[in-house]
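Enquirer: Top line first, the protein sequences correspond to chains A and B.
In case it helps, the numbering used here puts the first sequence at residues 2 to 477.
In case it helps, the numbering used here puts the second sequence at residues 3 to 237.
Derived by calculation from the structure, the hints in this document are not laboratory data.
Incorrect hints may appear among the rest.
To be verified - Cross-link-like lysine-lysine pairs, in silico, BS3-like; alpha carbons within 27 Å at most:
no. : chain 1 : residue 1 : chain 2 : residue 2
1   : B       : K11       : B       : K211
2   : A       : K250      : B       : K130
3   : B       : K216      : B       : K17
4   : B       : K17       : A       : K265
5   : A       : K250      : A       : K409
6   : B       : K155      : B       : K11
7   : A       : K265      : B       : K216
8   : A       : K250      : B       : K131
Unchecked claim - Coverage of chain A stretches by chain B, computed from C-beta distances (three or more under 8 Å per stretch; other residues unrestricted):
no. : region
9   : 161 to 167
10  : 305 to 311
11  : 417 to 428
Ideal placement from N, C-alpha and C gives every residue a C-beta, glycine not left out.
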Amino acid sequence: MWFMQIRRDFHWQSVFITIYLLVLVIVMAVGVWAGAHEQLERLGNSHFFDYITPAIAMSFIIPDFMFKLFWHRDPVEMDDSLRTRPVPQRSWSQFILLSQLLSGLTWMMPSCYIVALCLFGVGWQAALLSFVAVLLVSMVNTLVVCCWRRAPGNRYTLPIVFGYLLYLFLTGVYVVISTAIVLVPYLKVSRKATAETPVEAHVLQVVAILLGFIVLLLVALWLLYTYFNRLRNYNENRDGGGHVHQWGKVSLMSIEWVSVLRSKRMRTSVLVIAVVFLLNGYLQQMPEVFNETGFNSMLLLAIAFPSVILGQWCMGIEANYCHGIWSRPWPIETILRNKYYFFVILNAIMTMLLLPSVFLQGMSIFTLMANFIGASGFYVLLMLPTCLFSSRMDLFSSAFFNYQGGNKRLNIYSIVILLPLAIYFASYYMLPSWVADIIMASLGIAGFLLHRWFIGWLSRIWVRRRYSIMERWMTE
Amino acid sequence: MELILDNLKKQYGDKVALDIPQLTIESGQLVGLVGNNGAGKTTMLRLILDLIEATEGCVLSDRQDVAKSSEWKSYTGSFIDGRFLVDFYTPEEYFALIARLYGISDSDLNERLAGFSQLMHDEILGTKKYLRDFSQGNRQKVGIIGAMLIQPKVLLLDEPFNYLDPSSQIVVARMIHQLNQEHGVTVVISSHNLNFVADISTRILLLEKGRLIKDLPNIEGSAIAEINEYFSSEA
């Protein structure tokens with residue numbers, strides 16, 4: 002049944018994204034090897050990498066765990082249809098173990114590790130055993146996350162926390178001591194002497210270290226499986242209330258920010274983008290970077306991107322209550338206009354957050370203001386036409402690597418996002434800064450002057466196409 | 003406000019979901035729509051609300067085509083399904099939003115909501131929960147209240163008794179009847195609950211596979227016997 006579900010939920014998009022990520026890893030690894038292949042070959046010949054593979058496997062633990070903590074969404078508890086049938090708990094636990102072993106999430110890190118093994122000339126024994134070790138590390142992390150998600154309350158999550166810290170401590174100590182035991186002679190004695198040591202002795206040392214590491218991991222896995230098997234959880238609705246936060250008086254305007262703030266997916270997307278691009282905006286203003294290019298290449302994005310991210314799903318939120326909108330005196334033109342003003346407010350907030358750069362990093366206030374006007378008047382106006390083909394957004398799902406709501410027309414229209422960026426880069430690269438400022442400000446002012454007419458025209462198109470749009474939202 | 007369905011047809015590919023040559027719902031009538039699953043009840047309500055496009059024909063509300071005019075929205079209250087609710091709002095916020103749309107003041111809103119206290123049963127207001135966290139029954143209540151709150155001249159409800167406990171069903175039926183009798187509201191409700199429909203409706207329309215099979219005046223429940231006989235023969 003699990004395999005059938007995977008087959009029926011299969012998307013080529015996931016395959017392409019996985020291949021893309023793997024290609025990125027390969028490119029990075031090849032880049033490292035190309036830059037330092039002589040030193041790496043020398044180290045490879047002296048079995049250096051064989052000795053440090055446990056340490057490399059160890060270094061993956063924390064990033065891999067964090068990744069799984071955010072991204073692991075597979076069910077860990079039986080749903081009601083299974084729970085009320087004679088399915089033993091042990092069978093379910095075994096199923097979880099097997100399904101997680103076959104899960105793409107568990108194999109992601111080991112797959113990247115294979116690439117590294119191929120490029121750094123590790124002996125086949127070390128390669129095989131260290132691959133198994135990395136797979137077990139990944140599996141332990143997956144099972145920790147499964148236990149965490151299944152644990153009903155602090156009484157059951159605290160043992161997981163302490164157990165995991167103990168596991169990190171013990172494996173860390175083992176790896177450090179065992180690696181030091183073999184590496185210290187390597188460092189103290191000359192390389193010639195080390196090179197004269199028989200290959201068999203190298204191999205035995207490496208195999209012994211890795212086998213010990215694997216045994217530790219298997220013990221950890223067994224303990225986790227036993228704990229998981231004993232956990233009991235019920236599918237109770239924990240969101241019973243009491244977490245409501247008021248965001249001002251209810252109005253047709255306030256619904257714009259309330260929908261973003263109360264939608265886990267929208268909120269996370271906007272916050273992450275805002276932080277990332279804000280930091281980039283400051284980084285690009287640093288003298289070392291700014292003097293190279295002559296302009297801040299991230300400024301427009303730092304101001305506009307949070308609203309652009311929301312704008313690509315224009316009406317994606319409203320799709321969830323579209324019948325409530327259309328059956329009431331709630332004009333589409335009002336919705337689009339409020340959305341536009343909300344995006345301007347967002348851009349203003351980002352601009353205010355960039356204001357310290359004017360005093361601390363010497364950013365021109367005119368450049369900042371010109372780009373705010375350009376972003377607000379022109380850039381976000383270009384996002385509103387997505388209301389004609391955006392998909393219904395699932396508001397309460399996770400934001401990380403969530404492609405729900407994407408569609409081909411949106412992907413093609415994303416070319417339009419590049420237009421203001423192209424104008425920005427071309428203006429600031431080829432023209433004096435003050436001229437580029439005038440261009441950006443002029444585009445923005447033109448956008449402001451035309452926005453009512455543009456939104457009116459767009460809403461009339463939406464109303465003409467309403468049946469096909471609402472029908473698509475109903476079936477999504 | 004009368005509703006006229008003029009040569010109304012909705013087709014999905016080869017399948018005819020609704021085909022009504024002529025139907026007039028007079029102002030002040032309380033019409034019960036009954037029929038088996040797939041009869042076309044919800045499709046008919048969606049066409050009246052201009053939520054889907056008619057393959058042929060049109061719906062006139064107060065002699066204006068609902069597809070070409072928006073005037074009907076100001077006096078029509080309706081609730082069909084979850085897509086009428088704003089899931090990230092609390093019930094208070096949802097009702098306040100409806101009040102904004104219809105120009106109802108805060109004091110009027112509170113006064114009108116007080117009239118629904120028996121239906122709400124202290125389970126709706128003051129709970130500090132978003133609509134998405136409510137049970138189906140309470141969401142149904144919020145939707146029905148949202149439709150009636152605006153004191154409509156036309157009220158359209160799709161299976162309003164679904165998910166409701168028996169007490170709430172009686173309260174809703176009573177409220178619909180009162181709205182129709184005291185304020186002359188034109189009401190169209192679809193339901194599988196024949197007893198309630200027969201109790202309160204002045205006219206019963208029986209749909210089967212998109213077609214209007216029977217159009218029965220229901221004076222003091224006179225149509226129930228014929229309706230029961232029809233469904234018994236279909237079983």
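Enquirer: Indicate, hint by hint, whether the structure satisfies it.
Expert: Structure-based check of each hint:
A hinted pair counts as satisfied when its Cα atoms are at most 27 Å apart, and K11 of chain B with K211 of chain B qualifies at roughly 12 Å. A hinted pair counts as satisfied when its Cα atoms are at most 27 Å apart, and K250 of chain A with K130 of chain B qualifies at roughly 16 Å. Proposed proximity of K216 of chain B and K17 of chain B is supported: the alpha carbons are some 21 Å apart, at most 27 Å. Of the supplied pair hints, the one linking K17 of chain B and K265 of chain A is violated, its CA atoms being roughly 40 Å apart against a limit of 27 Å.
Proximity of K250 of chain A to K409 of chain A is assessed by CA-CA distance (about 38 Å); at most 27 Å being required, the pair is judged violated. Only pairs whose Cα atoms come within 27 Å are accepted, and K155 of chain B paired with K11 of chain B is accepted, the gap being roughly 25 Å. Restraint check for K265 of chain A and K216 of chain B: not satisfied, since their Cα atoms lie roughly 49 Å apart, outside the 27 Å limit. With a C-alpha separation of about 17 Å, the suggested pairing of K250 of chain A with K131 of chain B holds against the 27 Å cut-off.
Against chain B, the region 161 to 167 of chain A contributes 0 residues with a C-beta closer than 8 Å to a partner C-beta. That does not satisfy the three-residue criterion, and the hint is violated. Here's how the region 305 to 311 of chain A fares: 0 of its residues keep a CB closer than 8 Å to some CB of chain B, so the rule of at least three is not met and the hint is violated. Counting residues of the region 417 to 428 of chain A whose C-beta lies closer than 8 Å to any C-beta of chain B gives 0; at least three are required, and the coverage claim is violated.
The structure fails to meet hints 4, 5, 7, 9, 10, 11 from the earlier list, while all remaining hints are met.
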